[in-house]
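Protein sequence lines, in the order shown, are assigned to chains S and W.
Each residue of the first sequence is one higher than the one before, starting from 1 at the first, in the numbering used here.
Each residue of the second sequence is one higher than the one before, starting from 1 at the first, in the numbering used here.
In short, the hints are calculated from the structure, not lab data.
Note that the coordinates shown come from a computational prediction; the quantities given were computed from them, not determined experimentally.
Positions of the beta carbon are idealized from the N, C-alpha and C atoms, including for glycine.
Among the hints, a few may not be true.
Stated by the list, open to error - To give an idea of the chain S side of the interface with chain W (calculated C-beta under 8 Å), a few residues:
1) Val82
2) Ala88
3) Phe149
4) Pro150
5) Val211
Here are the chains, one letter per residue:
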Amino acid sequence: MPSWSVIAAWMVGCVLSVAHMALMVACAPVARGLLVAGMARLGGAGRVPVLARWRLILSCARRHGVRAAGGAEIVPALALAVALAACALVPSLALGLPGSGLADLLLVSGLLVLARLLPLLGALEPGGARAGLAAAGDAAALAAMQAVFPLAVAAAVMATGHGGIDALLTRLRDPDPGGGRVSSMLLAVAILLAGPDLGPGDEARAADRMVDLGGRGRAALELARDLALLAWITLAGDLAWPGGLAVPRAGDLLPAAGSLPGAVAAWLARTVAICAGIVAARVVVMGAARGVRGRLVLALLFATLAVVVLFTGQEVA
Amino acid sequence: MLVLSVLLLDGLMPRFATPQVARAGWGLVLVLAVAMACLPPVSGPAGLPRVDALSLPFVLILSVAGLASGERSPVLAGAALTAGVDHPVLFCIGAAGLLPLLHARGVVSRGMVAWGSAGAAVAAALLSGPGSGRLAVLPVPALVAAAALMGVSLRPLAGGRHGGSGGVAHLAGVVVGLCLAARMLVVWPVVPVGAVWGGGVAVAGLALALVGGGRALGARDAGRVLAGMLAGWGGLGLLLVGLVMTGRADDLPLLALGAFRALMLLAGGVGMAFLAAILTLERIAEAAGSLDLARAGGLAVLMPRTSGLLALALAGLCALPPSGGFAVAWLLVQSLLALPRAEGLVGAMPPLATLAGVGLACGLLILAAVRLLSCLVLGRPRTPRAAGASDPAPGRLAVPGACLAGSAWMVLVPGGWLWLTRRAGWEAAGLAGPVPSGALPDWLALAAPGGSGMLYPLGVAALLALAGGLVWALSRLAGTVPSRPVAAWNEGAPPSPPWMPFGEPTAQAGPAQFAGMLPWGAPAGYSARRGLRRIVRLLRYAARRAAWLVEAGVAGVSRHAMGLVLLWLAVAALARMWGRS
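Bound conformation, chain S alone:
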């Protein structure tokens, strides 16, 4: 029989989880809006409002939509549910919340891949050539990127001895995590290259895929895309700088209430910094890199480097 203090801590943890989810849902379209606006501004395409994504989602949700296939009523809701589940497993504010024992690096990446795969099935259902071609290209890219995620898990396990996200981040917060800190930063770059749909042409392909969809289904799919992107960004930010997360003190079940505003600010700062990095990489470095192969090679390279740096100190010693 658990004591009252444990039950109370669990309930407070549930409230914190709800707050985490609300923050993620509220910020997801803003994060993609930030990316789109930054790329448009630096690419010379003019001003795009940061809140344009939110406006699009709300207007789609209010409209009487159309669908060209029956699955368009189910698939967007499934994709949104999977994206929400993945977001629930990625810590943004604090470690040790209820359900955090489920969070595993391979599991979260699998859920996020599933959240990208389900809309492709919705696009293939009407049978149109343009949407089908875009969906086939995205499915092949997802299949090729599967090679990166086991490598990412390997780097995390070799650096910290843990594959679970909470245990991994807790170990990375230690004063002396070995070569794990540099390794986790490289790992963050690898999963940002492999996971989200940020490459050149991804936006156009997404528009092609959703050409036959409107209304609440379109709104759900757009929100699911944004949530998956923010989950990847948050995971990468956690790996790159786990110091901003609030953790329970020794003997406590939950982090102190005073550390939570700082954790929210740190999460926002991490997200904005990663968005700025992505914009810079898209505009400056990867502007000409068309296709998936470049990203796949880069992601594999960074994931391998994340393991290599773990051994550099040993080889020198």
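Keeping the supplied structure of chain S fixed, place chain W upon it in accordance with the hints.
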């Protein structure tokens, strides 16, 4: 004995037994096998053949396959008889007898029947001797025999000449092949086979899995896609057998146990999902005719229940959460990370390359499943026969649905299936005597062999259900309205003419769109592929010349046999005289 006699009854009377009798026999086998798994082991009289602990999981899966399919051919019975035998020579005879049956069902090519029989015979001969020195070459013939039984090879071809459509016989072949690999490489050797061979078997399994995934991606009809996916999972199963061998050789029982549990989940959870997919495809073929990916299509509207079942079964075959494939892939990755590594960066590179290969194989299987689903279920119908399809009676879908439910039970509550197969795991891991506390399976969790994490499949499913309920509740609370159906937008193109009632084929998504999308289909890979084809052509030419020379030599020898014998006698006599002098 009772199990074996029932199996014999089933296998030897295929012409007289009705499906109901066959199902009753398989049901009896299933009940007996479950009872033997639940009850404590009883040592029977010496000399009587009995079903040992390791054969129980494989016999269970085969009996479920027989029960579900009502199969009356001797393939399944022969497979169950072979899997239930705990003696190398008898097992070899069973495997050699099974290979022609599998060839008749299109699982194994003609050449591989001879190679597989020879491999099984050589492996049985190597295992029968008293010494352990001969075990140094055991994995080669055992691997050849297992690959022949499973119908996997390194040829990246998927046409009609190279294999039949995936059926229950394919599943039986994979199960017996895995049983052969587990027995001959892990359990039967008197001393564990070296860890280097474990790595070799793992690499061979990974290569076979990649080729199987490539076959599934290039196949032209749904049955062969399924056969390719089965070959891919079979290759991953061989990889797991290699990991069990390494765990035994390096005296790491928890690694061997974890890899064997993944093997059991593969054979059970993924195997049941395969069975559901095979049976559902049979129902679809009855209703819609050809399963050619370029001819069928649009079944989601015409056969919604069957299509939903096929989609769920294919989801169980992909390595995406919360399916059985993901649980296997998760355990596989964790087992690879728990492998003992040589010091330094050089020692870490082989597991990393294997991990990337495992990820790629899983990606290929996902892509093959999406391709199958998009061409068969999604899109528009392409032939009048497909356009006239309709759902079968709900009772006819009960069996594949039950198989799917069994697969879900094995994956979501892994402790149940792993508890039934616990003694096989202990035997494979070499745990004799008192069993350590970590060797008992957890009911709801899968533990990583290296202690680096836990996976709760039921927790993941509950989280997804919670998120789905949240989305549904928000949709109801926000008062969103359902969308109305419209015709798909064809980008302003004129409507298709009356002689094209199913629309312009070039304006629809088809099976070819997926095949060339991967990097090796890109122009950069053309030169490498051309070089590879040239080498293959040269090798084939050399093989033809060698075969011609051998035939000519044999013909010459047979033509002058008498003279050669006389010559040999003369030479032998001269040699003997020269030796005496």
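A quick look at each hint next to the structure:
1. Val82: Holds, about 7 Å.
2. Ala88: holds, 7 Å
3. Phe149: holds, 6 Å
4. Pro150: holds, 4 Å
5. Val211: holds, 6 Å
When each numbered hint is compared with the structure, no violation occurs for any of them.
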